[in-house]
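Guided by the hints, dock chain F onto chain H, whose structure is given.
There are 2 protein chains.
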Amino acid sequence: MKMRTLDPKTVATRDLHQFLLGSVAPRPIAFASTVDDDGNMNIAPYSFFNAFSSNPPILVFSSNRRVTNNTTKDTLHNIQKNKEVVINVVNYNIVRQMTLASIEYPSTVNEFEKAGLTAIPSDIVRPMRIKESPAQMECVVDEILTLGDQGGAGHLIICKVVKLHVAEKVIDEQNRIDPHKMDLMGRMGRAYYVRCSGPNVFPLFQPVTKIALGFDQLPPQIINSKVLTGNNIAQLAGLFEMPKEEDVLALKQNESIATLLDMDNRSLLLQNYAKQVLDLEGDAEKAMKVLLLDV
Amino acid sequence: MKMRTLDPKTVATRDLHQFLLGSVAPRPIAFASTVDDDGNMNIAPYSFFNAFSSNPPILVFSSNRRVTNNTTKDTLHNIQKNKEVVINVVNYNIVRQMTLASIEYPSTVNEFEKAGLTAIPSDIVRPMRIKESPAQMECVVDEILTLGDQGGAGHLIICKVVKLHVAEKVIDEQNRIDPHKMDLMGRMGRAYYVRCSGPNVFPLFQPVTKIALGFDQLPPQIINSKVLTGNNIAQLAGLFEMPKEEDVLALKQNESIATLLDMDNRSLLLQNYAKQVLDLEGDAEKAMKVLLLDV
Chain H
59 MKMRTLDPKT VATRDLHQFL LGSVAPRPIA FASTVDDDGN MNIAPYSFFN AFSSNPPILV
119 FSSNRRVTNN TTKDTLHNIQ KNKEVVINVV NYNIVRQMTL ASIEYPSTVN EFEKAGLTAI
179 PSDIVRPMRI KESPAQMECV VDEILTLGDQ GGAGHLIICK VVKLHVAEKV IDEQNRIDPH
239 KMDLMGRMGR AYYVRCSGPN VFPLFQPVTK IALGFDQLPP QIINSKVLTG NNIAQLAGLF
299 EMPKEEDVLA LKQNESIATL LDMDNRSLLL QNYAKQVLDL EGDAEKAMKV LLLDV
Chain F
59 MKMRTLDPKT VATRDLHQFL LGSVAPRPIA FASTVDDDGN MNIAPYSFFN AFSSNPPILV
119 FSSNRRVTNN TTKDTLHNIQ KNKEVVINVV NYNIVRQMTL ASIEYPSTVN EFEKAGLTAI
179 PSDIVRPMRI KESPAQMECV VDEILTLGDQ GGAGHLIICK VVKLHVAEKV IDEQNRIDPH
239 KMDLMGRMGR AYYVRCSGPN VFPLFQPVTK IALGFDQLPP QIINSKVLTG NNIAQLAGLF
299 EMPKEEDVLA LKQNESIATL LDMDNRSLLL QNYAKQVLDL EGDAEKAMKV LLLDV
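In order, the protein sequences belong to chains H and F.
Sequential numbering from 59 applies to the first sequence in our numbering.
Sequential numbering from 59 applies to the second sequence in our numbering.
Please note that the accuracy of each hint is not assured.
Since the list gives no way to pick one copy over another, a pair counts as held whenever it fits inside one copy or between any two copies.
[Unchecked claim] Below, computed lysine-lysine pairings styled on DSSO-like, alpha-carbon distance capped at 30 Å: (1) Lys218 / Lys60; (2) Lys67 / Lys344; (3) Lys310 / Lys141; (4) Lys302 / Lys333; (5) Lys131 / Lys141.
For the record, the hints were derived by calculation from the structure and aren't laboratory data.
Next comes chain H alone, as it looks inside the complex:
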């Protein structure tokens, strides 16, 4: 793979910014609600944001110095003064309203009104929650770390969640959030967003505490296959043990497999068959047995 190498010391900030945003994605969106000393309400979206700890529950986001004129934003000023913020999440239903709140209205303009969103009181902190958001996290700010003094420089606004509100309708019968019902938006580079529901969202199961085989334990006809992808081979390498020889040989009773074994290009046919078993049935154990018949 031909790579382009960028040295942050010599690349223009604007270009480096876009290469970082295109590489570090998808980013979750913090729709941050704050209030100033006069009670002026502010909401603004930030995608330099994530959870970093669950015990204590810590969220961190950055309100960056503007690249264009090196000024800072109302959200940061408000938090510096009163150390409180509500972080609301952004789902598909409110994403365009969110883009309105990113417009740089003067400090005294209420972005709730501009974006057509409803302010509702929080239980503990002074900033209001966004009623239309499916998850609202009331936070007190523990610390603000400054990462630089030039345009584009970030801050780490370290927030402790003191109350979490989640819409009942996105919680499933296992008492967990269903991502399809939540329908969150993520931020990519440039003007791109990603909608996180539908067929693009799927589970990948791999136990982390039980030791799997790994690529190095697989026979060469699998590792060197021109048919199987890296993802296919990884499914096989994720098994905990090689199948028993008698179970492999038992597969010869399967009529369609027996037919393949009689063909001249049996290796290729068995690999294609195994790939289908992996891609369509997700049955790594069966696929492994099929591949081991090629000896």
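Just chain F now, kept in the frame of chain H:
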């Protein structure tokens, strides 16, 4: 919207953890490569990760204390010793190989071999890059902040990017990363991932420095519409000025619109027509004119 309210002080860590992961999503994935003093290589994925500044270029990720037994991970030990890490991104092609690297193999096991990935030397730091990753960021670690001492507690590992390698094939003719070619994976709650390419990825344009109308400047028939969604109204509110009256009236020359104006339920019909103009053509100016005919 009925909300469920959770108090972090009384909710079990395991449940709070899952509610946070389901709410703060999609999360970008840092596939972190580190090395210990004996040269043992380690790679492991982390989704408590994001960019936080572009000037200086700062990435932050967390290697959390395990919830089950409150122990810490090899990645953290290696970074504490030598303050270097390569953060590689994860695209669709290597996501299952990434899941293999999340398995808790003993410290001396080389996860590059287990996951079938290729280690290539970095320009500046000692940890190796992952050849198959479409973006590899060589970093020196500025600081490690500890967020707690219980199981589930995170660390802020604050990394400065000293060299960025991006695959030429994901860069478009405007010298920017094409998200569809990059094909990144994001992490959701539970075992869910999101693939960030295809129709789920789309641009939303809203200039932030030019002042848009906002919801409060729209007439009541738009704000109170039962047909238009919040996203539809936000497209209209994102315009910079109301159309001129003569331009609105000129629309009456349009035959299909003239027909609608003659009907008894003209309000409903005009709103449905405007919604189509917004959803299918994305033409907020035309939709606004259509809606203003309903007087």
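At most 30 Å between CA atoms: does that hold for Lys218 and Lys60 within a copy, between copies, both, or neither? between (43 Å within a copy, 24 Å between copies)
Tell me, please, which holds for Lys302 and Lys333 at an alpha-carbon limit of 30 Å: within, between, both or neither? within (20 Å within a copy, 61 Å between copies)
Up to 30 Å between alpha-carbons, please classify Lys131 paired with Lys141: within, between, both or neither. Answer is within: at 15 Å inside a copy they meet the 30 Å cutoff, but 32 Å across does not.
For the identical chains here, do Lys67 and Lys344 meet the 30 Å Cα criterion within one copy, between copies, both, or neither? Neither: 52 Å inside a chain and 47 Å across chains, both beyond 30 Å.
30 Å Cα threshold - placement of Lys141 relative to Lys310: Answer is neither; intra-copy 69 Å and inter-copy 54 Å both fail.
Going through the hint list in order, the structure does not satisfy hints 2, 3.
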